[in-house]
Structure formats: C-alpha cells, structure tokens
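Engineer: One-letter residues, chain by chain:
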Amino acid sequence: MRALGPGSVSSFLKVILDVVHWILLFSAAAASVGIVVVLLLSFKPELLGGAINIGGVHIKGAWLGPIAAATLLAGDLYLAGALVIVGRLRRIFQTLIIGDPFHPDNVRRLRMIGAALAVLELGRYAFAGVVRLFAHDLGLTKMASGGGVNLTTWFSVLVIVVLAEVFREGARLRGEAELTI
Amino acid sequence: MPIRIRLDRLLLERRMSLTELADRVGVTIANLSILKTGKARAIRFSTLASLCRELECQPGDLVVFEPGPPGEPEEDGLEE
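The listed protein sequences correspond, in order, to chains U and R. Taking this note's numbering, I'd label the letters of the first sequence as residues 444 to 624. Taking this note's numbering, I'd label the letters of the second sequence as residues 28 to 107.
Hints in this document: simulated from the structure, not taken from any laboratory. From the three backbone atoms N, C-alpha and C, an ideal C-beta is built for every residue, glycine too. Possibly wrong hints are sitting among the right ones.
[As the list claims (entries may be wrong)] Computed Cβ-Cβ distance ranges for the label pairs, DEER-style:
#1 619(U) - 88(R): 21 to 29 Å
#2 83(R) - 620(U): 27 to 35 Å
#3 593(U) - 30(R): 48 to 56 Å
#4 444(U) - 53(R): 33 to 41 Å
#5 88(R) - 623(U): 17 to 25 Å
Go ahead and model the full structure; you've got the sequences and the hints to work with.
Structural biologist: Structure representation (structure tokens):
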C-alpha cells in the first residue's frame, strides 16, 4: 500500500478530509443562521420553547436567547478554527497525492494548523473563563467545571511546529535538488 | 556565487551546439541552460565527468572561481 500519489492512503485520507470539510462548512453555516434566529427569537423567549438544555443544564427566562446565541457563536468560532485546520490539511494532502510532499507552501500550512490548534485551545479556556464568570449568577455551575489544560493539544501543537521545520528543511533540499544538474 | 561555468566558451571553441551537447551528455537542454546561465546551485560529479568527456577538457576548464568585490556574499540564500 502506497502512502503517496494517486490511489494511495493520502488519496483516501483526502476524500475523508473533503467530506469533513463540507460537514464543517454546513455546520458552521447552520450555526450562523441559528445565531440570528435565536437572537431574533430572544425577544420572545417562549418561542424558543421556554427552556434549552446546554451540557445537561436547563436554561430558561430572559437569558435564554443571549446564552443560546453566545453558545452558538462559540460553536461557530470553533467550527471556523476546525475549518482552517481541515482546509490546510486538504491542501497538504493534495500535494501528497501529486507526490510533492516538500512543497514550500506546506511549511506555511503546517504553521497555520499549529497556530489554529493553539488558538482553538486558548479559545476553549476563554470560553470556560466566561462561563465561570457568569456561571454562579445564571445557575450554570455544572458547565463551569470545563476548561482544563489539555496536554495532548499542546503536545500536538509542538509536534506540528517541529514538523513544519522538518518540511522547511525538506523544501530547502528540494530547492537545491531542483538546481543541481 | 563566485563559481562560474565556462560552458559558453568551451562550446564555442568546440563549435558544438547546446542541443548536441545535451544529446551526448544525456542532460536536458533546460538543465544545460541553467548550468550555462550560472543559475545552477550544484553540479553532480557524474554530470561534470560527462561534460568533460564530451568537451574533452578538465573540470578546471569548465568550472572557475572568480571572487567578486569584497563584501559580496559568497553564497546565495535559498528562498524559504
């Protein structure tokens, strides 16, 4: 089984990434529409069904609309970050399919993936911080328990940074090889 | 880079075209052009040997060191 080139594992993974990309895109679009709808309906909370369930916590009353919209917005931002990552991964895998893994652009793409992953993780802390800030007043104490440091994510970020440097060196060697007669 | 390839002069002296040399050496015309115009970053020993064989010369006839003015960088940096 080949790892690079057409009909290889890379090709198979690219198809999966394409599917994930479209799912994320539709989800982000749906969340964006949801934010607008929820904000419009927040003027009449009873139209939202009187209560919503977020993470096992029932929210009702005047805060229903804004909290639902904020949650959807956070989800939308998370999806946007995931889209950035998947989008760059798709382009990297495209270069793997054409058999050119050390394309100079892959260095920038890998760095972008690492940065997006770090921003998403920091965003998670920020979201958890905001939830904690308002948790007591809004009775969301159950939700305030999230936001712990995820070492796996930070380890992944570091691995991606190192991989980007490996690809930079590969791209440099490729450049040299191209001009070696 | 202060290393110069004197392919032009050797071809002229041997009354040989770039196309003919490319055919004899087994290197594409595009690559020989890169070499001739001084854009090449490195040359393989095998290519150098083939060129010397076909041009009936020594490596020193083909490759020369011409230092530039002081302060000029000796090696171009590769684009990242």
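Engineer: Hints numbered earlier in the text: which of these fail when held up against the supplied structure?
Structural biologist: none
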